[in-house]
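*Asks:* Sequence:
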Amino acid sequence: MATKGWVHAWQSVPMRIFLFLFGIFFLSACSPRDGAHEAYYENGQIQTRANYKDGKEDGLYESYYENGQLRVKISFKGGQRDGLAEWYYENGQVRSRQNFREGKRDGLWEFFEADGRLLWSRNSYVDEGLIDP
Numbered sequence: 001m002a003t004k005g006w007v008h009a010w011q012s013v014p015m016r017i018f019l020f021l022f023g024i025f026f027l028s029a030c031s032p033r034d035g036a037h038e039a040y041y042e043n044g045q046i047q048t049r050a051n052y053k054d055g056k057e058d059g060l061y062e063s064y065y066e067n068g069q070l071r072v073k074i075s076f077k078g079g080q081r082d083g084l085a086e087w088y089y090e091n092g093q094v095r096s097r098q099n100f101r102e103g104k105r106d107g108l109w110e111f112f113e114a115d116g117r118l119l120w121s122r123n124s125y126v127d128e129g130l131i132d133p
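Every letter in the sequence shown is one number past the one before it in the numbering used here, and letter 13, counting from 1, is 13.
Bear in mind the hints are in silico, worked out from the structure with no lab data behind them.
You may find that some hints are simply not true.
Claimed, not checked - Derived DSBU-like pairs: lysine-lysine, alpha-carbon spacing no greater than 30 Å straight-line:
no., residue 1, residue 2
1, Lys104, Lys73
2, Lys53, Lys77
3, Lys53, Lys73
4, Lys73, Lys56
5, Lys77, Lys104
6, Lys104, Lys56
7, Lys104, Lys53
8, Lys77, Lys56
Starting from the given sequences, assemble the full structure and let the hints guide the process.
*Replies:* Below is the structure:
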């Protein structure tokens, strides 16, 4: 008799919906990320925006402060930083800016004060021999 009740529960519409949604969640958690992904703060503001290809970050990654102001913007290619990366103060001013190539710093690296004044800069090149630690 107990078995009949159990079988009946599995055949109910709410249980089928639950199993369907659980299956989708399970498959999406096991498969590599692909495409655009976004996360949000509890207040509804965007927290992060990223693109993935074959489970690796690929394209523009953006992170935001809880007030909606841009925090960081980084270009990725095949899971590695590649291109311009910029970090921002909460007031919107650029905090630092640097270029990457295949995951390594490459070129000018700048740091700024919160009011926008240049604090310091240095060069680091991958192929030309000058590498800053």
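*Asks:* Take the hints in turn and mark each one as holding or not.
*Replies:* Status of the hints after comparison with the structure:
1. With a CA separation close to 16 Å, the supplied pair lysine 104 and lysine 73 stays within the 30 Å bound.
2. Restraint check for lysine 53 and lysine 77: the C-alpha separation of about 9 Å stays at or below 30 Å, so the hint holds.
3. For the hint pairing lysine 53 with lysine 73, the CA-to-CA distance comes to about 18 Å; that is within 30 Å, so the pair holds.
4. At roughly 16 Å between alpha-carbon atoms, lysine 73 and lysine 56 fall within 30 Å of each other, so this suggested pair holds.
5. The suggested pairing of lysine 77 with lysine 104 holds, with an alpha-carbon distance near 12 Å, which does not exceed 30 Å.
6. With a C-alpha separation of about 17 Å, the suggested pairing of lysine 104 with lysine 56 holds against the 30 Å cut-off.
7. Distance check on the hinted pair: lysine 104 and lysine 53 sit about 20 Å apart at the alpha-carbon level, within 30 Å; holds.
8. Among the hinted pairs, lysine 77 with lysine 56 is consistent with the structure: their alpha-carbon atoms are about 8 Å apart, no more than 30 Å.
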